[in-house]
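Undergrad: Read off the chains here:
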Amino acid sequence: MKGRVLVVDDDPALAEMLGIVLRSEGFEPSFVADGERAMAAFRQSKPDLVLLDIMLPGKDGLEVCRAIRAESGVPIVMLTARSDTIDVVLGLESGADDYVVKPFKPKELIARVRARMRSNAEVLPEDLRIGDVEIDVAGHRVVRSGEQIALTPLEFDLLVALARKPRQVFTREVLLEQVWGYRHAADTRLVNVHVQRLRAKVEVDPEQPEVVLTVRGVGYKAGPP
Amino acid sequence: MGRWRRSLQLRVVASTLAISLTVVTLLGLFLLSRVTQGILESQRRSALAEAESGLRLAQATLATLPATTSVDAVNEEIARLTDRLDNQGGDAGTFDVIVLSSTDASAFISPVEDPSRTVDEVPSGLRETVVGTSQLAFAYADVRRRGELQPALFVGAPLTGSLPAGRYELYYAFPLGSEADTLSLVSRTMLGGGVGLALLVACVAGLVARQVVTPVRLAARTAERFAAGRLETRMAVRGEDEIARLGEAFNEMAASLQQKIGQLQDLSRLQHRFVSDVSHELRTPLTTVRMAADLMHDARADFPPEVARSAELLQHELNRFESLLADLLEISKLDAGAVVLEAEAVNLTVLVQRVVAALSPLAARRGSDVVVRVIPHEPVVVEADGRRIERIIRNLLGNAVEHGEGLPIEITLACDEDAVAVVVRDHGVGLRPGDAARVFSRFWRGDPSRARHTGGTGLGLSIAIEDARLHGGWLQAWGEPGLGSAFRLTLPRRAGVELRHSPLPLEQSTVPSG
Numbered sequence: 001m002k003g004r005v006l007v008v009d010d011d012p013a014l015a016e017m018l019g020i021v022l023r024s025e026g027f028e029p030s031f032v033a034d035g036e037r038a039m040a041a042f043r044q045s046k047p048d049l050v051l052l053d054i055m056l057p058g059k060d061g062l063e064v065c066r067a068i069r070a071e072s073g074v075p076i077v078m079l080t081a082r083s084d085t086i087d088v089v090l091g092l093e094s095g096a097d098d099y100v101v102k103p104f105k106p107k108e109l110i111a112r113v114r115a116r117m118r119s120n121a122e123v124l125p126e127d128l129r130i131g132d133v134e135i136d137v138a139g140h141r142v143v144r145s146g147e148q149i150a151l152t153p154l155e156f157d158l159l160v161a162l163a164r165k166p167r168q169v170f171t172r173e174v175l176l177e178q179v180w181g182y183r184h185a186a187d188t189r190l191v192n193v194h195v196q197r198l199r200a201k202v203e204v205d206p207e208q209p210e211v212v213l214t215v216r217g218v219g220y221k222a223g224p225p
Numbered sequence: 226m227g228r229w230r231r232s233l234q235l236r237v238v239a240s241t242l243a244i245s246l247t248v249v250t251l252l253g254l255f256l257l258s259r260v261t262q263g264i265l266e267s268q269r270r271s272a273l274a275e276a277e278s279g280l281r282l283a284q285a286t287l288a289t290l291p292a293t294t295s296v297d298a299v300n301e302e303i304a305r306l307t308d309r310l311d312n313q314g315g316d317a318g319t320f321d322v323i324v325l326s327s328t329d330a331s332a333f334i335s336p337v338e339d340p341s342r343t344v345d346e347v348p349s350g351l352r353e354t355v356v357g358t359s360q361l362a363f364a365y366a367d368v369r370r371r372g373e374l375q376p377a378l379f380v381g382a383p384l385t386g387s388l389p390a391g392r393y394e395l396y397y398a399f400p401l402g403s404e405a406d407t408l409s410l411v412s413r414t415m416l417g418g419g420v421g422l423a424l425l426v427a428c429v430a431g432l433v434a435r436q437v438v439t440p441v442r443l444a445a446r447t448a449e450r451f452a453a454g455r456l457e458t459r460m461a462v463r464g465e466d467e468i469a470r471l472g473e474a475f476n477e478m479a480a481s482l483q484q485k486i487g488q489l490q491d492l493s494r495l496q497h498r499f500v501s502d503v504s505h506e507l508r509t510p511l512t513t514v515r516m517a518a519d520l521m522h523d524a525r526a527d528f529p530p531e532v533a534r535s536a537e538l539l540q541h542e543l544n545r546f547e548s549l550l551a552d553l554l555e556i557s558k559l560d561a562g563a564v565v566l567e568a569e570a571v572n573l574t575v576l577v578q579r580v581v582a583a584l585s586p587l588a589a590r591r592g593s594d595v596v597v598r599v600i601p602h603e604p605v606v607v608e609a610d611g612r613r614i615e616r617i618i619r620n621l622l623g624n625a626v627e628h629g630e631g632l633p634i635e636i637t638l639a640c641d642e643d644a645v646a647v648v649v650r651d652h653g654v655g656l657r658p659g660d661a662a663r664v665f666s667r668f669w670r671g672d673p674s675r676a677r678h679t680g681g682t683g684l685g686l687s688i689a690i691e692d693a694r695l696h697g698g699w700l701q702a703w704g705e706p707g708l709g710s711a712f713r714l715t716l717p718r719r720a721g722v723e724l725r726h727s728p729l730p731l732e733q734s735t736v737p738s739g
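Which chain is which? The protein sequence lines are A and B, in order. Position one of the first sequence corresponds to residue 1 (the working numbering), numbered consecutively onward. Position one of the second sequence corresponds to residue 226 (the working numbering), numbered consecutively onward.
The set of hints was computed from the structure by calculation and includes no laboratory data. No experiment lies behind these values; they were computed from the predicted model shown. One should not assume that every hint holds.
Calculated from the model, a selection of chain B residues having no Cβ within reach of chain A, i.e. all distances over 12 Å [claimed, not checked]:
| no. | residue |
| --- | --- |
| 1 | Gly402 |
| 2 | Glu477 |
| 3 | Gln483 |
| 4 | His522 |
| 5 | Ala533 |
| 6 | Leu724 |
If you want the footprint, here are the derived chain A segments under chain B, 3+ residues with CB under 8 Å [unchecked claim]:
| no. | segment |
| --- | --- |
| 7 | 9-15 |
| 8 | 100-106 |
| 9 | 189-202 |
Idealized CB from N, CA, C, for every residue including glycine.
With these hints in hand, go ahead and build the complete structure from the sequences.
TA: Following this line, the structure appears as structure tokens:
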């Protein structure tokens with residue numbers, strides 16, 4: 001499945017190059033160069049994925065990220081020049097699903113884009129349960145005590161991965177491979193930040209999680225069904 | 226003892242006490258001897274006067290006796306005389322009168338009624354003088370009165386005149402009991418007063434010292450706090466005395482230091498910010514170039530040979546450019562002090578094996594075998610930033626492969642209670658004398674004429690040594706031309722602990738095994 005990609009980047013050369021690479025891989029790119037117009041372009045093009053440069057004129061990339069998240073769960077991959085902890089964590093906390101650090105190789109970027117798009121693929125009907133949280137895998141729906149919870153595809157995948165093997169403890173590395181599609185060790189902060197975001201939505205009290213439990217020094221596991 | 230060296234106040238009080246006690250003691254002894262002399266002098270003068278008048282009376286009385294008087298009558302007369310003299314008293318206070326016979330040395334003539342008194346009471350030296358010189362003489366001796374031995378002044382003179390019973394000696398014993406009491410009272414008073422005075426002086430010294438020492442202590446504590454990094458610390462300044470001047474000087478120094486440190490911090494922040502911005506600005510075009518080059522590289526089969534080769538070179542050099550940029554950024558971050566150690570428990574054995582596994586293919590291509598020797602058999606665990614340590618080991622092993630001439634490379638791991646060490650030893654070209662220190666310099670090249678294979682940035686070892694320093698560790702090099710070189714990384718087992726030694730020697734004379 002190929003899809004529409006919205007490229008939010010102020011550098012025309014990079015945007016054009018991204019367009020060439022994306023098109024050569026069969027995606028349909030559209031472009032917007034500044035933060036102010038990003039939301040309008042987003043609503044108009046209804047992309048399947050957003051490539052977002054964190055440093056933007058006008059509106060800051062982080063704000064754009066939050067604005068998109070506020071109305072959609074569309075996968076967001078951010079482009080950043082800084083791999084410093086603060087920048088990356090801020091981006092992830094604003095709602096980005098994944099990030100690539102400049103300068104990246106085209107293959108690396110395409111791999112990240114594909115990994116995020118893949119989660120939209122069709123799946124067999126399956127019903128899972130953690131505590132009072134019910135998961136309809138095929139319908140991409142999560143319900144807690146009759147109320148639907150809106151999760152991004154990534155958060156949904158994370159929850160499903162944990163719920164499918166209720167007794168297994170997942171290390172961050174294993175989750176990175178299963179959910180994000182990283183072949184070899186990557187940034188485990190991705191997992192930490194997204195577990196926090198997931199908890200904020202599915203837990204009754206995120207301070208005392210019952211759905212996604214932390215196993216100290218190892219990783220995470222699903223709470224009792 | 227530690228307290229003695231640490232407390233100025235204690236030393237001041239102790240030395241003042243010692244000096245004042247010495248002075249008071251000397252002064253006291255001098256005064257006491259003067260007082261004693263004075264009292265005894267006046268006592269002796271009145272005693273001599275008393276004795277002389279008594280002697281005159283006795284002589285006059287005895288002279289009236291007819292020459293034919295019997296011995297017993299003479300003795301009786303003397304006894305009466307003694308009583309009279311005894312009861313006279315006078316300026317010299319109470320005294321006893323004793324008359325002894327010179328002819329019969331052991332005969333006690335008068336007074337007779339007290340059996341406890343003997344001839345021996347009178348000091349024999351005085352008797353000899355009195356008999357020998359026939360003059361008035363005196364001496365000091367102890368005398369027993371009412372069961373107590375007390376000092377006394379004896380004055381004696383011969384009684385002249387021709388008596389049938391022979392010659393007599395008249396002695397006065399002036400007990401000095403009250404004088405002795407007075408003197409002991411004086412000396413006790415002086416002792417008490419002296420000790421009291423010395424203590425008082427010591428107390429005063431203590432107080433004075435305290436007045437000086439307290440602000441000094443405060444200043445020391447302030448300086449310690451300042452040194453510990455609390456740059457806003459200042460001394461409280463009161464008055465205009467020397468202490469206040471010290472406080473003002475300290476505060477001025479602190480303010481100027483704080484300002485300078487602030488400036489340096491700003492500068493370092495600015496530099497870091499600048500490098501960060503430059504990096505961002507560089508990275509965006511570099512990303513475009515990188516993607517374009519990759520695209521061309523992937524399509525190079527369709528190009529004419531020269532263009533295809535150019536695409537390959539472009540690709541290769543871009544890789545170098547990228548790692549150079551990354552290294553420059555890392556160095557600049559380290560220089561700006563913007564790097565904080567994020568230490569966690571790292572299994573060094575696993576880490577080394579991972580690096581070896583990653584670099585073995587490269588080593589194999591160059592013909593080198595990599596042998597890992599772990600001296601302890603349990604895992605070597607150290608508190609460190611695994612990413613940085615891996616980078617150091619990768620760099621050392623990469624260099625060993627690069628300069629190893631295809632000969633075996635050994636990695637040795639050892640630990641003791643405080644430290645862990647990794648030595649990477651190759652048997653290649655080695656280092657020339659003096660190079661062991663220079664290898665860590667930025668962009669240093671061992672031998673410019675040698676062809677490079679792996680294409681390092683020239684910053685690898687500089688970053689490695691900074692990374693080692695960040696951990697409080699050491700990175701040292703050894704080498705001999707033709708014998709190869711050894712690099713030793715030593716790290717404290719727990720972050721923040723000072724290193725004192727390394728569990729492994731740097732130079733290893735081991736022959737390559739296998």
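Undergrad: Each hint needs a verdict: does it hold in this structure or not?
TA: Outcome of the hint check:
With a least CB separation of 94 Å from chain A, glycine 402 of chain B remains clear of the 12 Å interface cut-off, as annotated. The beta carbon of glutamate 477 of chain B is kept farther than 12 Å from every beta carbon of chain A, the shortest such distance being approximately 38 Å. The claim that glutamine 483 of chain B is not at the interface with chain A holds, since no C-beta of that chain comes within 12 Å of its own (minimum 27 Å). Listed as outside the interface, histidine 522 of chain B is inconsistent with that label: its C-beta sits roughly 10 Å from the nearest C-beta of chain A, within the 12 Å cut-off.
Every CB of chain A is more than 12 Å from the CB of alanine 533 of chain B (nearest about 18 Å), matching its label as outside the interface. Listed as a non-interface residue, leucine 724 of chain B keeps its Cβ farther than 12 Å from every Cβ of chain A; the least gap is roughly 28 Å. Judged by the Cβ-Cβ criterion of 8 Å, the segment 9-15 of chain A is covered by chain B as claimed, because 3 of its residues qualify and three suffice. For the segment 100-106 of chain A, the proposed coverage by chain B is satisfied: 5 residues have a C-beta within less than 8 Å of a C-beta in that chain, meeting the threshold of three.
Here the segment 189-202 of chain A counts 0 residues with a CB under 8 Å from a CB of chain B, which misses the bar of 3, and the coverage is violated.
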